[in-house]
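Protein chains: 2
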Amino acid sequence: MKTFVKDIYKTDEKYLEKEIILEGWVRNIRALKNFGFIELNDGTFFKGIQIVYSDELSNFAEIEKLHLSSSLRVKGILKPTPQGKQPFEIQATDIEVEGLSSSDYPLQKKKHTMEYLRTIAHLRPRSNTFSAVFRVRSIASYAIHKFFQERDFVYVNPPIITSSDAEGAGEMFRVSTLDYKKPPLDNEGSIDYKEDFFGKETFLTVSGQLEAEAYALSFKNIYTFGPTFRAENSNTSRHAAEFWMMEPEIAFADLKDNMNLAEKMMKYVISYVMDEAKEEMEFFNKFIDKDLLSRLENIVNSEFERITYTEAVEILKKSNKKFNYPVEWGIDLQTEHERYITEEVFKKPVFVTDYPKDIKAFYMRENDDNKTVAAMDLLVPGVGEIIGGSQREERLELLEQKIIDNGMNPEDYWWYLELRKYGGTKHAGFGLGFERLIMYITGMTNIRDVIPFPRTVNWAEF
Amino acid sequence: MKTFVKDIYKTDEKYLEKEIILEGWVRNIRALKNFGFIELNDGTFFKGIQIVYSDELSNFAEIEKLHLSSSLRVKGILKPTPQGKQPFEIQATDIEVEGLSSSDYPLQKKKHTMEYLRTIAHLRPRSNTFSAVFRVRSIASYAIHKFFQERDFVYVNPPIITSSDAEGAGEMFRVSTLDYKKPPLDNEGSIDYKEDFFGKETFLTVSGQLEAEAYALSFKNIYTFGPTFRAENSNTSRHAAEFWMMEPEIAFADLKDNMNLAEKMMKYVISYVMDEAKEEMEFFNKFIDKDLLSRLENIVNSEFERITYTEAVEILKKSNKKFNYPVEWGIDLQTEHERYITEEVFKKPVFVTDYPKDIKAFYMRENDDNKTVAAMDLLVPGVGEIIGGSQREERLELLEQKIIDNGMNPEDYWWYLELRKYGGTKHAGFGLGFERLIMYITGMTNIRDVIPFPRTVNWAEF
Numbered sequence: 001m002k003t004f005v006k007d008i009y010k011t012d013e014k015y016l017e018k019e020i021i022l023e024g025w026v027r028n029i030r031a032l033k034n035f036g037f038i039e040l041n042d043g044t045f046f047k048g049i050q051i052v053y054s055d056e057l058s059n060f061a062e063i064e065k066l067h068l069s070s071s072l073r074v075k076g077i078l079k080p081t082p083q084g085k086q087p088f089e090i091q092a093t094d095i096e097v098e099g100l101s102s103s104d105y106p107l108q109k110k111k112h113t114m115e116y117l118r119t120i121a122h123l124r125p126r127s128n129t130f131s132a133v134f135r136v137r138s139i140a141s142y143a144i145h146k147f148f149q150e151r152d153f154v155y156v157n158p159p160i161i162t163s164s165d166a167e168g169a170g171e172m173f174r175v176s177t178l179d180y181k182k183p184p185l186d187n188e189g190s191i192d193y194k195e196d197f198f199g200k201e202t203f204l205t206v207s208g209q210l211e212a213e214a215y216a217l218s219f220k221n222i223y224t225f226g227p228t229f230r231a232e233n234s235n236t237s238r239h240a241a242e243f244w245m246m247e248p249e250i251a252f253a254d255l256k257d258n259m260n261l262a263e264k265m266m267k268y269v270i271s272y273v274m275d276e277a278k279e280e281m282e283f284f285n286k287f288i289d290k291d292l293l294s295r296l297e298n299i300v301n302s303e304f305e306r307i308t309y310t311e312a313v314e315i316l317k318k319s320n321k322k323f324n325y326p327v328e329w330g331i332d333l334q335t336e337h338e339r340y341i342t343e344e345v346f347k348k349p350v351f352v353t354d355y356p357k358d359i360k361a362f363y364m365r366e367n368d369d370n371k372t373v374a375a376m377d378l379l380v381p382g383v384g385e386i387i388g389g390s391q392r393e394e395r396l397e398l399l400e401q402k403i404i405d406n407g408m409n410p411e412d413y414w415w416y417l418e419l420r421k422y423g424g425t426k427h428a429g430f431g432l433g434f435e436r437l438i439m440y441i442t443g444m445t446n447i448r449d450v451i452p453f454p455r456t457v458n459w460a461e462f
Numbered sequence: 001m002k003t004f005v006k007d008i009y010k011t012d013e014k015y016l017e018k019e020i021i022l023e024g025w026v027r028n029i030r031a032l033k034n035f036g037f038i039e040l041n042d043g044t045f046f047k048g049i050q051i052v053y054s055d056e057l058s059n060f061a062e063i064e065k066l067h068l069s070s071s072l073r074v075k076g077i078l079k080p081t082p083q084g085k086q087p088f089e090i091q092a093t094d095i096e097v098e099g100l101s102s103s104d105y106p107l108q109k110k111k112h113t114m115e116y117l118r119t120i121a122h123l124r125p126r127s128n129t130f131s132a133v134f135r136v137r138s139i140a141s142y143a144i145h146k147f148f149q150e151r152d153f154v155y156v157n158p159p160i161i162t163s164s165d166a167e168g169a170g171e172m173f174r175v176s177t178l179d180y181k182k183p184p185l186d187n188e189g190s191i192d193y194k195e196d197f198f199g200k201e202t203f204l205t206v207s208g209q210l211e212a213e214a215y216a217l218s219f220k221n222i223y224t225f226g227p228t229f230r231a232e233n234s235n236t237s238r239h240a241a242e243f244w245m246m247e248p249e250i251a252f253a254d255l256k257d258n259m260n261l262a263e264k265m266m267k268y269v270i271s272y273v274m275d276e277a278k279e280e281m282e283f284f285n286k287f288i289d290k291d292l293l294s295r296l297e298n299i300v301n302s303e304f305e306r307i308t309y310t311e312a313v314e315i316l317k318k319s320n321k322k323f324n325y326p327v328e329w330g331i332d333l334q335t336e337h338e339r340y341i342t343e344e345v346f347k348k349p350v351f352v353t354d355y356p357k358d359i360k361a362f363y364m365r366e367n368d369d370n371k372t373v374a375a376m377d378l379l380v381p382g383v384g385e386i387i388g389g390s391q392r393e394e395r396l397e398l399l400e401q402k403i404i405d406n407g408m409n410p411e412d413y414w415w416y417l418e419l420r421k422y423g424g425t426k427h428a429g430f431g432l433g434f435e436r437l438i439m440y441i442t443g444m445t446n447i448r449d450v451i452p453f454p455r456t457v458n459w460a461e462f
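Chains as they are written, first to last, in UniProt numbering: chain A, 1 to 462; chain B, 1 to 462.
The set of hints was computed from the structure by calculation and includes no laboratory data. Be aware that a few hints might be false.
Pairs count within a copy or across copies, as identical chains cannot be separated in the list.
Pairs of lysine to aspartate or glutamate residues, derived as EDC-like cross-links and limited to a Cα-Cα distance of at most 16 Å, are as follows [said to hold, decoys possible]:
#, residue 1, residue 2
1, 181, 192
2, 146, 276
3, 181, 195
4, 322, 12
5, 182, 192
6, 10, 275
7, 110, 263
8, 421, 98
Take the sequences, apply the hints, and build the full model.
If you want it as structure tokens, here you go:
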């Protein structure tokens, strides 16, 4: 019977001493005199399975010369191997070669640099590290959907192509079908975007939050999960031009509800991945980051701390620690500050709330002190900030003034303002950069290594 | 206790005669002399719940003047109403107004045209039709993830920004950060894309299939589900510039496996939505399309027919039916042909396979007759084509020749070709336009009405 390697590992009793058929790729091959071993990986499971073949096979000569990554159809008996490293192996009765490989296969059995592996992004998921990373990425995506859907949140797809800048921060990619060589001009000699595909200037979205708010004010609890873009010229290990973001938005909810949701979600997703990708997580803990599992267990089991920005600043000032960026009330916290608070002071995840309004976005709700806004950042050990969110300004006049104060035009936000005019209510939400979460869960340190085909400054290969 | 309208409908015994708190929006209000009725919708459920209020409330005067869509916090007792249209109502003991609305609220209780509702896309999910559409969209998204994840398919996010044209069909949006007014030129006076953000010309993806194949040849079974783009100047009810596509790709699999997967998936997703969105589906069946539920049940319960293109052409020729596009072997089937086959001949979904190679994409596997390729389209009553797929050409030399014959440069496809060089295997996959599926499931006839904020020619509002 045709089966998957995963099924054999999960319920081997069912298959022991039976004839089974497996289809997969040669991860390793060792040819001895009259027999040999193949480690076959079929992609369904982190581990492969050992195939024993002998010169009783009619195509023995072909088999023993196979190159890595050849694809095979193996028929054989699953045998227990009580003395072996693995609990079973397959004694092949027939091996059919589906597709040959070649001696110049770029993913040989040796240590490759991460940089090199990025140049073979079409093959790297065949390595242990990247098969683990991208299976975890898939499982974590599903955990996010599962968490929200089981709580009746409505999944919303905000537009990717947009004419508004949700963050008011610039750094957007232009989307256009105009001819760059001869763009149409208007009477004043400016580019005439009325002639462009959408009849106006358009960009790739940096966040679906504003549209998400419209849906939260219809469905109460919603979430988005999709690609977002930043045309930021940052060549760092933590910035990509294209990344996935998850943004829940909840109505009739304040900052406390928002933190409760973020805490529950983080714990759920991490637990789910630890349960569903045990082999992959053990691999990361062994080869990528020896503290990984204990750090993640700490997150799942601890009650997240909650402090205000003002308290955080006091802690930092009292610390007598020398920071590169000196601490004063009003500054934006830097990674060194965030990591000190979460790693050295509390040794667990910490929500920092109520930031100075001048360093936060226009849509955040102003507190009664007129100095701070109902913002929250979640800081976690090993990374610093992983989630950013806020209660949104629901008071029409205040929001309108904020837009004006930020040098934006209220007319561009007419529909966003209308959400406050027609049955507005307190509401809140947050954003989680999905790749940052995957880096956190896997211990991988470069964002390029948790995206199948990353896009960064000067890099859009494949 | 604070609760959701959904919970009350699902387990009303738990709440009857109890004091509960609900938060939601006024969908309807009827003020009589000393009392009145409010239909409160909290977004968690298609139906609202009736609130009875009386002049015993201290803010009775405020309540009876509320405009549609005001947001409220209602405290009251859930009472059974054996004579009523609904099984229960809430006798309010306290109503707190969270957010007022206004007499110019644009979504008044009257019939609006779909065109008008598109101009208030931020408010239309508060209407019955669109709350149903977008909840179904969310549930169907989840059904797709659930179907594949429960079968251990790995979810892959192929890049949105790309330098290759997967379909070889053109009509792509350019993505750039160059200054349109003064683009950098190279020595020959052409735009110097080396100066652009990615150091090369880039576009929005039309399909993640090629990248998906790389992952299927690592993980065996994978799927993608994300936004794709077409800069097509088609102002029809079925074309959007931005839409979501779902593309599974399976290795060690042929066209028959591909059809089996598509059939199972379609049945699963439709059944799941019919189970999980009963109220919404009844609404569509009553107000949008009276044949909807019977058509969907027919899909779930029938075994899909499978015929070849050549057989389809024979059937069409023998039909004596007058088509706008005359039928000859070699033509691409038009919607009128597809609908005749699925609606009038078989009266159920039909896979048509093995199309002439000249009308299909370069990557489809050539059949032994040298005339056709192992392609499949799924035709369904009421729509025509809803899924397109194929077995992929896994033979290196043949694929390379096909690329050349199509006027493309094999060097641009070096990594795609390498997938055939290093342990290639037969593999197959298909694409499902998610919005077309939602139109099919809901009976909505315009793609603009199943996308929260649609993007079409000359339209990128919100």
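Do the hints match the structure? See the list:
In this assembly of identical chains, the alpha carbons of residue 181 and residue 192 lie at most 16 Å apart whether taken from the same copy (14 Å) or from different copies (11 Å). Taking the shortest alpha-carbon separations for residue 146 and residue 276, both the intra-copy value of 13 Å and the inter-copy value of 15 Å come in at or below 16 Å. For the identical chains of this complex, residue 181 and residue 195 are neighbours both inside a copy (15 Å) and across copies (15 Å), given an alpha-carbon limit of 16 Å. Within a single copy, residue 322 and residue 12 get their C-alpha atoms no closer than 57 Å, and across copies no closer than 60 Å, so neither meets the 16 Å cut-off.
In this assembly of identical chains, residue 182 and residue 192 lie within 16 Å of each other by CA distance both inside one copy and across copies; the values are 11 Å within and 14 Å between. With identical chains, the CA atoms of residue 10 and residue 275 are at most 16 Å apart within one copy only, with a shortest distance of 13 Å there and 31 Å across copies. Taking the closest pair of Cα atoms, residue 110 and residue 263 never come within 16 Å of each other, the shortest separation being 41 Å inside a single copy and 43 Å across copies. Proximity of residue 421 and residue 98 under a CA criterion of 16 Å is satisfied inter-copy only: 12 Å between copies versus 64 Å inside one chain copy.
Consistency with the previously given hints fails for numbers 4, 7, ordered from lowest to highest.
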